[in-house]
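Participant: Using the sequences plus the hints, can you model the full thing?
Number of protein chains: 2
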Amino acid sequence: MNLPVGLLSSPPADIRRNRPLDIATLRSAHPDHWMRAAAIRTLAMDAVQAANSGHPGMPMGMADVATVLFEKHLKFDASAPDWADRDRFILSAGHGSMLLYALLHLTGYASMTLEQIRNFRQWGSVTAGHPENFLAKGIETTTGPLGQGLANAVGFAIAEESLRAQFGPKIVDHRTWVIAGDGCLMEGISHEAIGLAGMQKLSKLIVLWDNNNISIDGKISLSDVTDQRARFAAAGWRVLSCNGHDPADIDRALTEAKTSDRPVFVDCKTHIGFGSPKKQDTAGAHGSPLGPDEIEVTKEIYGWPHPAFEIPATIREAWAAIGARGGKARAEWGARVAELSGAKRAEFERRMSGEAPKKLAATIRALKKQNAEAQPKVATRKASEMVLEVVNPVMPETIGGSADLTGSNNTKTGDLGVFDPENRKGRYIHFGIREHGMAGAMNGMALHGGIRPYGGTFLCFTDYARGAMRLSALMGVPAVYVMTHDSIGLGEDGPTHQPVEHLAICRATPNTLTFRPADLIETAEAWELALTSDKTPSVLALSRQNLPTVRTKHATKNLSAQGAYILREAEAKRRVILLATGSEVEIALAARDILEAEDIGTRVVSMPCMELFAAQPDGYRKRVLPGGPVRVAVEAAVRQPWDRWLLGERGREAKSGFVGMDSFGASAPAGRLYEEFGITADAVAEKVRSLL
Amino acid sequence: MNLPVGLLSSPPADIRRNRPLDIATLRSAHPDHWMRAAAIRTLAMDAVQAANSGHPGMPMGMADVATVLFEKHLKFDASAPDWADRDRFILSAGHGSMLLYALLHLTGYASMTLEQIRNFRQWGSVTAGHPENFLAKGIETTTGPLGQGLANAVGFAIAEESLRAQFGPKIVDHRTWVIAGDGCLMEGISHEAIGLAGMQKLSKLIVLWDNNNISIDGKISLSDVTDQRARFAAAGWRVLSCNGHDPADIDRALTEAKTSDRPVFVDCKTHIGFGSPKKQDTAGAHGSPLGPDEIEVTKEIYGWPHPAFEIPATIREAWAAIGARGGKARAEWGARVAELSGAKRAEFERRMSGEAPKKLAATIRALKKQNAEAQPKVATRKASEMVLEVVNPVMPETIGGSADLTGSNNTKTGDLGVFDPENRKGRYIHFGIREHGMAGAMNGMALHGGIRPYGGTFLCFTDYARGAMRLSALMGVPAVYVMTHDSIGLGEDGPTHQPVEHLAICRATPNTLTFRPADLIETAEAWELALTSDKTPSVLALSRQNLPTVRTKHATKNLSAQGAYILREAEAKRRVILLATGSEVEIALAARDILEAEDIGTRVVSMPCMELFAAQPDGYRKRVLPGGPVRVAVEAAVRQPWDRWLLGERGREAKSGFVGMDSFGASAPAGRLYEEFGITADAVAEKVRSLL
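For the protein sequence lines, the chains are A and B, in the order given.
In case it helps, this note's numbering puts the first sequence at residues 1 to 692.
In case it helps, this note's numbering puts the second sequence at residues 1001 to 1692.
Take these hints with a grain of salt, some might be off.
Unchecked claim - List time: in silico EDC-like cross-link candidates among lysine to aspartate or glutamate, alpha-carbon distance up to 20 Å:
no., chain 1, residue 1, chain 2, residue 2
1, B, 1219, A, 422
2, B, 1535, A, 662
3, B, 1219, A, 420
4, A, 201, B, 1227
By construction, these hints were calculated from the structure, which means they are not laboratory data.
Facilitator: See the structure below:
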């Protein structure tokens, strides 16, 4: 039998890296390493084969790099996956999930049993097709959509820098390691992520590139000629290279990577499906089982005579020792934490738990009370800033930012300071024109723990951030998206900047709270809910234009928590219910005045959050939206999410109508647009009359 | 008065570029150029001031580059904006729209009158806040969302290469010029676009970077340290530099750019708000009027004593001559076209008109007829391939591709050949892992004319392409998005890859046709509609899993064109209407069998396209969905778009229910997922029983 020979392509001059390698040589040069890595490779092959679905090629290709990383560099303790000061390991190339599962299993993470590995990709197992952070400890983030892990990692590294600055290096001092493939690096989000990391000089971020020259369609050269090393260097990264199958060379590169003053990109030259005579270096190794025959031959080449899923005791023990390697460091860290003052330790623990500070509720309440009296007429984006001005001082865990729209999103408050390489205590990030990278980094910050991130752009540009925003929802990350300029009310910038379908998009997404507050009071309530959310991201849709205070009577209770509530009751006999959100609540109230003047009793329901209203008990929902009265909803957006409330949840409830958008907007001053698109109090009143 | 002095930062050694420049020197060295450029600058300042909104800084900064481009390099004829062989000029930094409007006005585009310039950003004008291609000739694409124009331009350049290969360089031989700013270059889509262009060696694509070192938040260094020149070089581009205010140096760079064998990136060092004493080189020049006083001072510096919007006759004449400069080349081109054979000329004209070939209808009909008999059980992604196998040979204007999922999206047919630098006649593009760049390039190809682009990825990854997909809809571009793996039916890859909200997203977007065909017949009908669409993009949501043929009786008519139709009528007295799309039509039919066996008369309505159904006359809609019978919809996705059809468009129509998803999916084989999420015929039957 011919052993497959890989002539490894040549990173800059190093004889070791340029030498043709064969597996026999590797096996004999590093026999213990080889067998540890073979345990990963064979588990991946076996699990994918058993599932008859999955991606064996990447774990086979990156097993050597991962083995060296876990054995010698990654700071972790498998018995304590929640250790706050552990290194984070992010598998951005999430299709190689079996690499991660094998590592967690072999090092002894309790939830990653052999049974789970055997049930790879099956219902109820924690070993999903792509890693899902909410299924098992040790999975730091959910990956699979390419490039997301890389962007998350930038957020993890930012969180570490911030917390280290706040709590000191004795308590926080760890690295973020990423494995990324060509797919991650071709995605646009990677550009945003590496640009942000380079500017921020995140020296504790190390990206290991699985440079195997293969994507699903075939050779990378089919679609890309990018010199990745030059590209990362251009973004301000340190660039290293290694032979990704030579443990000594990998160790050298990782050791060097830890000395950098900038983020590090390690070009690991690897072979996808390493060792498989028929599949190595082909796209065929990427996303399908190798097949029983090929597995048999490949295991023979590996020198691995064991049946499927069987790991010899000596190899198990070696891996278990690796899993326990960090125990000492963790104990020492625990001792250092114990030495903190009681207050500081309590604060650190609160921060890592994600619990909001006790002061938050009173702060919000005070702001509401004051402004129910002051009744300012401000845009809700400005209202949001007013909330943040009082919240940020009492919530040191917030890190805010904007995708280069700071003055428009009103996301920066006086006390934050700018987070940059010279000021790690700063809590405001100039994310640059990078909506997707911002959202991905926010996910990483929140997943790291200790940070509650918020970030702003225009609501329309949720389009650019969608990939990461969906993952906030799927992962259950309470990130806060501050989305201003939330309708045609933004005016002259025109339809490219005017959201019409974006509220529908956010509301269609599971596990997402979409708030569209009507005034400062509702904005404060929305922020309170967003900042105390445990497992759900929030989108705050905020106006560019000024809005009057409509909640003029102070309520201690957070009325927005019920999603919708009666803002004004009918005076005449109730024949109409108007529903509205945000900037259109003002219009609904004006329509009510018109109708009441005609003796048409009209209730106005403000509905800042449909998802929360849907979660209310039936009785409450019926009280707010009783059957009978005509219902008309007003929102400067598409109707799709409204049908449920207009047509009645059980059908048959009411005649109804909608005043909103059914096309893209246009470029003109906001007032003119509202007129031209017929979103006015008169139009609402007329719609009501036509239905009565 | 102090003239502002800009010490121009230094691209590689060139004394001219390193020399401090002041406006007095520039004015005296190139007086005619200076005044032509000043006409642009002052129109931009005046229009933004009149609108009291807009972006003067960029036009003021890039006026010199644009003047040299239009005067000496751009092939165009203002009197013939539809000239097929014109160079395309793409303003990717769309906020600088006044630069484009001023150029079109000054060179004499008929629709860009001074009246329009005066009405910048007003209702009904063609001078929208950001350029909208559908408002006026000469605006090649809609920009504003950053980076999109750059990605479009890659598509324009691909279209040019493809058409040149097909029709010869005498008929097609032009360039694509782009102005891009730092915002464009920070966005992730720029990475995807430049990677694709670099690999494809699109030598007739030239990007002019408005390198002014300022973004909205302030200095670029607040958020980025990327060496853009090195970055473009790493992606395979030729990189040039020039002083963006020195016409001779600009001319030198553009002349050199035209000799490249690769796409060209020209670093034009500029000053935002050039000449404004208080605003130059500050973010303050970006997005607000300068104010009357600052305009006055700036005009004085320019040597421009004329009132607002006034252009002296000599300058007008010089610009008009520039606008007419291309007339001769156009006449020569016309003569060459006239020399073509009648058939070839007719085909060229048909191609540029966007009209589908006559053969298409018969081809689709034959395929439908054949398969209504053969009744294959194939996934609709495979069905889509079968359609393309017969369509691509009769439609030479199709260019297909996939974001590295060719074998999964089934987008490549036998006859296409691969489009790459060695084979410009190829019609299949390996777009790489670049969903956003792909969609942006598709928009460009379609806008160029002569090409009907389609591109594939998983439906879930519309998230990555959303920014460009929305622009397809806004611009009215009939691109076809082949979105496979359209539900939990994709199985083991899990919730990161399983769309649940994406049908709702596509349906919420104005001017988008979302097709979810149930079998090969409906897939063929959907393709026919997509390929004959004039002004609307289509999304084809296609299954991974095999589906039976449900349209077993051949109909010549395209039933999907009505959006929904009666697939099976009730046998027993009609008490129930089941609505379904795609893979769930099979489930609805099975539920009907169960219910009919219980003597519950059940109609099944297949609803491949809600938008087309909504556009049908009231009578047809009532015939398909009469009031009275219980309605239950089945779709493995969220309910949001269904409420309209379930609850009745006028309310009160029917008791109803929905069987679908209300959460993210999970990783397991598809059959198991349908069971666990309760999307089965039994569940549908049970839901019906509970409602009767």
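Participant: With reference to the structure, classify each hint as holding or not holding.
Facilitator: Each hint, compared with the structure:
Distance hint between residue 1219 of chain B and residue 422 of chain A is fulfilled; the C-alpha atoms sit about 16 Å from each other, no more than 20 Å. The hinted pair formed by residue 1535 of chain B and residue 662 of chain A meets the criterion: a straight-line CA distance of about 17 Å does not exceed 20 Å. Taking the CA atoms of residue 1219 of chain B and residue 420 of chain A, the gap is about 14 Å. The hint holds against a cut of 20 Å. At most 20 Å may separate the alpha-carbon atoms for a hinted pair to count; residue 201 of chain A and residue 1227 of chain B meet this at roughly 15 Å.
In the structure shown, no violation is registered for any of the earlier numbered hints.
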